[in-house]
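Student: Going line by line, the protein sequences match chains A and B. In terms of the numbering used here, the first sequence opens at residue 1 and continues consecutively. In terms of the numbering used here, the second sequence opens at residue 1 and continues consecutively.
In short, the hints are calculated from the structure, not lab data. A couple of the hints might just be wrong.
What the hints assert, rightly or not - Negatives, chain B to chain A, calculated, CB over 12 Å:
hint, residue
1, 53
2, 58
3, 114
4, 165
5, 209
6, 217
7, 218
8, 224
9, 348
Stated by the list, open to error - For lysine to aspartate or glutamate, the following EDC-like pairs were computed, each having C-alpha atoms within a straight-line distance of at most 16 Å:
hint, chain 1, residue 1, chain 2, residue 2
10, B, 227, A, 344
11, A, 480, A, 274
12, B, 293, A, 353
Claimed, not checked - Far from chain A, some chain B residues (derived; all Cβ distances over 12 Å):
hint, residue
13, 49
14, 52
15, 116
16, 133
17, 176
18, 190
19, 196
20, 212
21, 234
22, 266
23, 337
Ideal Cβ placement from N, Cα and C applies to all residues, glycine included.
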Amino acid sequence: MSKKTILEMKNISKSFPGVRALQGVDFKLCEGEVHALMGENGAGKSTLIKVLTGVYAKDEGHIFVDGNDKEVSIHSPQDAQRVGISTVYQEITLCPNLSVAENMYIGRSEGAGTNWKKMNEDADKLLQSLDIPAKATQQLASCSIAVQQMVAIARAVDMDCKILILDEPTSSLDEQEVEKLFGLMRDLKARGVGIIFVTHFLDQVYEICDKITVLRDGKLVGEYEIKDLPRVKLVAKMLGKELDDMSDIKGEQKPYDGDDAGEVVLEAEGLYSDAGIKPFDFNIKKGEVNGFTGLLGSGRSECVRAIFGADRVLGGHVKKNGKTIKITKPLDAMKNGIAYLPEDRKNDGIIGDLSVRENIIIASQVLRGFFKPYSKAEANKFAEEYIKLLDIKTASADTPIKSLSGGNQQKVILARWLMTHPEYLILDEPTRGIDIGTKIDIQKLVLKLASEGMSVTFISSETDEMLRTCSRMVVMRDRKVVGELSGDDLTQNKIMSTIAGGDK
Amino acid sequence: MGNTKKKEAGFLSKIVRQQLFIPIAALLILAVFNLIADPSFFKITMGASSTGDPVLSGYLITILDYGSELAILAIGMTLVTAASGGQDISVGAAIAIAGSVILRVLCGTNSRPEELQTSVFVAFIAACLVAMLFGAFNGILVAHFKIQPMVATLILYTAGRSIAAWINNNELPIISEPTFGYYGGFIPGIPIPTPFFIAVICVVITALVLKFTNLGLYTQAVGINEKSSRLNGLNPVFIKFLSFVILGLCVAVVGLIKVSRFSTINYSVIAKDIEMDAILAVALGGNALSGGKFNMAASILGAYVIQFLTTTLYKFDVQSDALPAYKAVVVIILVVLSAPSVRAKLSQVGKKLHAKEVA
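Throw the hints in and build the complete structure from the sequences for me.
Tutor: In C-alpha cells form, the structure reads like this:
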C-alpha cells in the first residue's frame, strides 16, 4: 500500500551572500504522513520551508505537487496557498484583536460583502469538527497560544490545504497543549493531509512522526522511516559525528553540599513582583548551579526577573553576601554582579540592527559609564576575544546580530554577560530553539563557570538538560514555589511528582 | 579582465550601500542639473553687506547660510528620530519661542530699546533654558506617557507661536544695535556668513560628544529595542527624554540665528515649516524615520542638500507657496527608494547587470 506522493522537491539549491544555504536537497512527502524535518540551526530547514512557501526564490531545483509531473512555480505565499501549501509558524501570525472566525476567513472573502452570520456558523462548524475549544466570535487574543495555533491550522484546513507545514509549533506550549495539538495533527493525518513538522524536541518527533528527513549544513543527510532510526542515531546524523556527548556531560555537576555548607552569594526572602508570582524565598551559593523548574507559565521566568529587577518588585528583601541590597531596575542588579540572559531572545535579548561587537560590549559599556566609551580598538579586542572563546559563527564583528542564526545570537548574548564578569549568572531558557551542538556547548560552559566559582541559575523546559547541570532545583506550580529538590531527589520522576503535587 | 570588472562592481556596490551615498548622489544630481540649466548658479561674487563690509554672495553662499540652520536642527532631529522612532514637528514653533525669549531679554520692557538690556550671551542662555524646557515637555509626553512623537509635538506646534507672541506682549521688538546682526549675518571683516561658523561649532561639539560619550550607542540601542536596552541597564525613558532636550538646545541656537537675521521677529512666519526640512534632512541622510541606527554626518549633509534643492527651486522662480509640492516629490522618491521591496528589486537588477557584464 504505497501512498500517493503529494509533494516532491528535487535538487533544491539556494544561496545567500556568503552562504550556500541549500545544496541539491531532495524532499518527498506522502499523503497522510507526518514528516519531521530535522537539523541543527543553519542546517537549512527554514530555508527549505521558505523556498517551498515562496518566501525565498530558489536558485535551482524543481517542485512537484500532487503527483503531477508538471513543475509548479511558487513565487509568493499566495502561490503556495493556491497549490495547497499552508504554513503555521512558531510565532502566531494571526491578528489577536480580531475574532476567531475573522482570523480564519480574513483575506479570503470573495467580493465586497461578507455574510457575517454564515462566516461565524461555518467557523463554528469547522472548529467543532476539529475539536478545537474556541468560539467563532471569541476574540483571538483571549485564547491560549495553543488554541491560537490550532485556529491557524483550522484556517489552513479550510483553505483545502493538502500540505501543512508546522514550524516549531510546540515551543511555546505546555505538555497538555502539545497533546491537544497532536490530536489535531492525527485527525488531519487521517484526512490525508501531509504534514511537515519542524521541531527541536526529539520526544515529539518519536511520538507523532512517520518519517524523518535530516539536513546538515545545507545538504540532505537522508530520509528515514521512524522505526529505523533510534534517537542516538538521529542525534548523530544531525551532528554529523558518532559522539556520545549527551551522556558525557551527565553527572558532571557537583552534588549539593547541604544547606549549611558553602557561602551564600544571593538570598531572597518573600520576593514578589507585579508579574503575579507569590512571594518566594531563594538562595544560591558560590559555585553552585541551581534551577527553576515547572510547567510553562508556572512562574519560573517571573522569579528570576524579580531577582534581576526586570519586573517591578513589590515586596521582599534581597541580600548579597549577607548585605541587604535594593534592586529596583536591571542596572542595580548589574552593579551587584548579577547578569540575566532573558527567555525571549528576539524581544528582550538582541539589539537587532546593532553589530555583534556592539551587542557584546553593551552591558559592560553601560556598567562602565556614559562618559567612558570603549575605544574602537578595545571594543574590537573584546569582541574578537569572545567570538573566539564561544566559537560564535559570524562573518565579522561588524555583522548585524540579526543576521546570525539563533544559536549564535544566543552565544553573543552570553558573551555580553560573561564580559561583565558576573558573580551570579541567570540563564533563562538559554538553549531554547537552538541546535544540539550549541546546547551542549552551553551546558558545558555553565558547569565550567560554576567550577570557577560563578553561581548560575539555569532554567530550561527540558528537564533532562537541567538534571545534567543543576545540583539543586526549585520546583514551581501555578506561580508558587512548591518544593526544592537536591541530591538523590533529583530525578525525572521526583520532579514530575512535585510539579504534579504529592507523591504518586 | 573579468576579475577586475568583478572588483569594480564589488567596489561600486560597496559605495552604493554606504549611507552617505544617498545625500551625495542627490547633491551631485542637483549640481549637474544646475550646471546644465544655468552655470551662473555657481557664481560667487564679492558684494557688500548692509554695513558696507565686503562679503561673498551667490547662490552657493545662500545655501551655506540657510543650510547651516537646517544642519543644526538636523543634529537634534536625528537623535529624536533614532531614539523615539518619531519626529518633532514643533521645531518651527519652538524656534519662534526661543527667538521671542532672546528679544524679550535683550529689550526688557521697552520694545524699541536704544541699547541692549543685557549681553546677547545672557539672552541666548535664557533662550536655551526655555527651549530645553519645551523640549523636556515634548520629551515627557513621548518618553513617559508614550504618546506618538508627532501627536505629542502637535501640541506645541499648535500653541508655540501664540506663546512666542505672548512672551513679548504681542509687540514686535526691534533691535537697533548692529552687533546683534552678526549672528545671522556677517562679522565685519569675515566674508563668510556667521551661521556657517555656528553650524561648524555645533557639528564639532556633536562629533566630540558622540566620540567621548555613549550617546550614540545608547540612543541607537533604545531606538532598536527598548525592552532589551532596559535589560542591559539602560533607561530608555531618560534617553528618549534627553534626545528631545538636545533638540531643544539646537532650536535655541537656530532661534538666535533667525532673530539676528532681521533684528526682529514675525511670530507667524519665523521658521515656518522648517521642521519639515529638518525631518527631510534626516530622511535624505538615509536614516530610518522609524528609529534605530543613525548616521549623523549623513543627516548634516542631507540638510545642506535640502537647502540646495530649495535654493535651486527659488532660482527657477518657483513660488514659495509651490515649494512644498516640489519637495513632496523628493520625499516620495526617497520613501519609495528606501522601501525594502524596492531595495530588493534594485539589488536584483544590479545583480543581473553584473552577471551580464561578467558574461
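Student: Does the claim that residue 165 (chain B) lies outside the interface with chain A hold up, using a Cβ gap greater than 12 Å?
Tutor: Check passes; 39 Å lies beyond 12 Å.
Student: Check the non-interface label on residue 190 (chain B): least C-beta distance to chain A beyond 12 Å or not.
Tutor: Residue 190 (chain B) clear of chain A: closest Cβ-Cβ about 35 Å, beyond 12 Å.
Student: Taking 12 Å as the cut and beta carbons as the points, is residue 53 (chain B) off the interface with chain A?
Tutor: Holds, because the least Cβ-Cβ distance between residue 53 (chain B) and chain A comes to about 42 Å, which exceeds 12 Å.
Student: Checking a non-interface call: every C-beta of chain A should be farther than 12 Å from the C-beta of residue 196 (chain B). Is that right?
Tutor: The assertion about residue 196 (chain B) holds, with a minimum of 29 Å to chain A.
Student: Would you check whether the claim that residue 209 (chain B) is not at the interface survives, using Cβ distances to chain A and the 12 Å cut-off?
Tutor: Incorrect as stated: the minimum Cβ-Cβ distance to chain A is 10 Å, not above 12 Å.
Student: Over 12 Å from every CB of chain A: does residue 212 (chain B) meet that, or does the non-interface label fail?
Tutor: violated (7 Å)
Student: Against chain A, does residue 224 (chain B) hold up as non-interface, every C-beta pair farther apart than 12 Å?
Tutor: violated (5 Å)
Student: Against chain A, does residue 348 (chain B) keep a CB gap of more than 12 Å to every residue?
Tutor: violated (9 Å)
Student: Against the 16 Å threshold, does the CA-CA distance of residue 293 (chain B) and residue 353 (chain A) hold or violate the hint?
Tutor: Since the Cα atoms of residue 293 (chain B) and residue 353 (chain A) sit roughly 7 Å apart, the hinted pair holds (cutoff 16 Å).
Student: Is the claim that residue 218 (chain B) lies outside the interface with chain A correct, judged by CB distances over 12 Å?
Tutor: violated (7 Å)
Student: Is it the case that residue 52 (chain B) keeps its Cβ farther than 12 Å from each residue Cβ in chain A?
Tutor: holds (47 Å)
Student: Regarding the pair residue 227 (chain B) and residue 344 (chain A), is the alpha-carbon distance no greater than 16 Å?
Tutor: holds (10 Å)
Hint check: violations occur at hints 5, 6, 7, 8, 9, 20, 21; the rest are consistent with the structure.
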